[in-house]
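Undergrad: Given chain F's structure and the hints, the job is docking chains D and E onto it.
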Amino acid sequence: MATAAITAEREHYLNKEYGIQSWLLTTDHKRIALLYLISITFFFFIGGFFALLIRLELLTPAGDLVQADTYNKLFSMHGQVMIFFFLIPSIPAVLGNFLVPLMIGARDLAFPRINLLSWYLYVIAGLIYIHCIVTGGVDTGWTFYTPFSTAFSNTKVVEAGLALFIAGFSSILTGLNFVVTIHRMRAPGMTWSRLPLFIWAHYATSIIQLLGTPVLAITLVLVVFERAFHLGIFDPTRGGDPLLFQHLFWFYSHPAVYIMILPSMGVVTEIVPCFSRKRIFGYNFVAMSSIAIAVFGFLVWAHHMFVAGISLYSALIFSILSYLVAVPSAIKVFNWTATMYKGSITFSTPMLYAFGFIGLFTMGGLTGLFLAALGIDVHVTDTYFVVAHFHYIMVGGAVMGYMAGMHFWWPKISGRMYPEAWGRLAALIVFLGFNLTFFPQFILGYLGMPRRYWQYPPEFQVLNVLSTAGSTILAVGYVLPMVYFLWSMRYGKIAEDNPWGASGLEWKTASPPPTFNFDEIPEVTWEAYDYEHIPAPAEVPVER
Amino acid sequence: MSDSPVAVEQHGPELRHHFVDMEQQRDAASLGMWLFLATEIMFFGGLFCAYLVYRYWYFNEFAAGSRSLDLKWGTINTAVLICSSLTVALGVRAAQMGKRKLLVILMLLTLVFGFAFLGIKGIEWYAKYQEHHIPGSSFDASDIIKDYPQIHIDPSHEQIYFSLYFAMTGLHALHMIIGVGIFSFITFCAWKGRYTPRYHTPVEIAGLYWHFVDIVWIYLFPLLYLIDRKPLK
Amino acid sequence: MSEHIVSSKIYYAIWIALLVLTVVTAGVATIDLGPFNTVVALVIATFKALLVVLFFMHVKYTSEKLTKMVIVSSLFWLLLLLALSMADYTTRLIS
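Protein chains in written order, with my numbering: chain F, 1 to 544; chain D, 545 to 777; chain E, 778 to 872.
Chain F with its partners taken away, still in its complex shape (with noise of 0.2 Å):
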């Protein structure tokens, strides 16, 4: 019985209708959901791709494998295409819209058709970067620095930042989209102080995306125009400034790695009080850290110019606003540990994806405070240690926030159960190659190993061997789900409403969710994560 197809007497979103045209053209936000797993995944490839070729030329000190010009493209591309194209859209542009309407009781998002235009851009915006890159891609550093990027540089930038462009729409539109769902269709009585955390994160990850982007997409207007026309607006040459490309850029930039890292946190805050059965700690506390870093997120831009050529009064301003930013998401992490203390704890894999991104997380947050102290910055500045540092947060903290939503929600998703032991290895894998392929890299950036370098000295080597052979563990981790999740589509256990017993309005209406999401909108009477009230699951779904 476990491994019939899904019943058909039921209708539900998948199944309601057939054909691309019923894809192509759907504005079910739990189909355009979907839409984008397949292209944020494809792109996670592209990227990872990048970041293979990168480890292997980085196995021996000379440059070896790859010229120094085309090394200045990997690093490049995958930077773009891993924040642009995998992390900016991965958990809202897929749990976020799957999950925003049933969350609040709402049959779908405010507005589903600019739902399915956001995904059309982004698209075409993929498209656009995908010929770049076939067509001679860009060397600039992700961060287009100018005046490299205006006036030296001879690869497509102009292409790059247009597709870069249309896909910072995209952003803005989902980010519009959620905030006005979260505001005008919760259901009746799913009050501000109902809503599940994951739903204020999102809300906060919406802000940034909503005031932050269109600083991006201008400034990537003016890079283009200066390429063209030669303008001298970012050229010292002629008047210009390039700190100015560099503050209008990183205004954007860093509060988008909140933008990366606010959905993973919802996902945690979803994960932890359920697999511990308890009501989440402090949730008030949890709802305004979200809103806090996203505004205080806003006001520490520059420490990313600090050896730039920034005034020093300046550099102390963001440098003090740097360490408060750090304080919320403590605050989080005190939240989480307090509400796993005296829980009744689950090992599954959700939970030790979670377990990951709490550990891994607070150790990028970390190293970031020691970023922030300025004395450290000018020591470590464009070193292995940032590389490091930015990878702790972006792939120990995001990418297992995603892969630990993946995992909780794929019985609402699909319907079916993922195998539960595969699942854990898998998990354990990401975390065991993780940690080899980004701590030595800690350590080569303290001894002084600059990065974006493609060739280094050789006392660097052994620490470098030993980063690849973690990549290749990562990998292997990463493609492990992706089998089973296709293998589980077919063959695996049907899921029932809610296997894990967890709160939330989405686990309350089948799995997979009719198309209109609930029979019956739902009235709320009760407080988000009462789990005094919901009983355990009877055990954790495991495959045999």
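Keep in mind the hints are simulated off the structure, nothing from the lab.
These figures come from a predicted structure and were not determined experimentally.
Among the hints, erroneous ones may be present.
Stated by the list, open to error - Below, in silico cross-link-like pairs of lysine-lysine (DSBU-like), each with a Cα-Cα straight-line distance of 30 Å or less:
(1) LYS837/E x LYS643/D
(2) LYS643/D x LYS786/E
(3) LYS736/D x LYS786/E
(4) LYS842/E x LYS645/D
TA: Quick look at chains D and E alone, frame taken from chain F:
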């Protein structure tokens, strides 16, 4: 509840299925437009930041460049946009009251003003072209330098002023063109009788957009045209 | 959005006020007020913008606090960008 008798009664063809009632739909559309305008504030804001930085650095060149703009056309254009905001506001009011013919006339007037603004902008830009003030290879600030013998005008700094002038007025003009396109569509729909007192949300939210574009110009005018208009000694 | 219908007289009054302020701002620019030229110009512009927002965009007549929050927040965010950037530029030459 979405299946209550009241909701069923209100389900006209304009009500999209995922909304409970018209009020929720209208409130969502309105909030959506205001949020979009917030993104536009930040979009233009990047240019305002660049403007602020370079005006701080190169005040003389900015003043000289500003003086080379035609104050008459700038003032007239400001007035034209203000008139267009009036017709838009009166148009929304006409839609609220169900006065279809009045609405169509006001929308057409708005388009006239919009085209007038763009036409005048074209005249101004053409003048800049003739004076070789368009940034790029043919940029030549020697006429400005001649006008200011006492202070040093650096041509490349002057070019930065004009780069920002064209970037800001260009981005604004692009938004005007989009606005004209939107209002052309609104005019057509109004003529077809698609707007009623119960449903005229597109007119309202298009109006919000148009007023925003007007407000941007209200700031661009003093920042670009009025930096230094003191009589030359 | 409230369905309060504003009297057309108010719209005409605002229109006249905006036109007058436009002429005033152009005229004041030709008088030498030193650094206050910029201040006056921006104050007038802000007042004009306020008239458009409050009356033409109906913010005065809406009970929706969220609209005002959105406006204030976005202006505040723009101010952040401008102020913190200028914090760098205005302190660079201090050694």
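Undergrad: It remains to establish, for every hint, whether it holds in the given structure.
TA: Right, here's what the structure says about each hint:
1. With a CA separation close to 24 Å, the supplied pair LYS837/E and LYS643/D stays within the 30 Å bound.
2. At most 30 Å may separate the alpha-carbon atoms for a hinted pair to count; LYS643/D and LYS786/E meet this at roughly 17 Å.
3. With a C-alpha separation of about 28 Å, the suggested pairing of LYS736/D with LYS786/E holds against the 30 Å cut-off.
4. A threshold of 30 Å between alpha carbons decides the hint, and for LYS842/E with LYS645/D the separation of about 34 Å lies outside it, so the pair is violated.
Hint 4 from the earlier list is the only one contradicted by this structure; the remaining hints agree with it.
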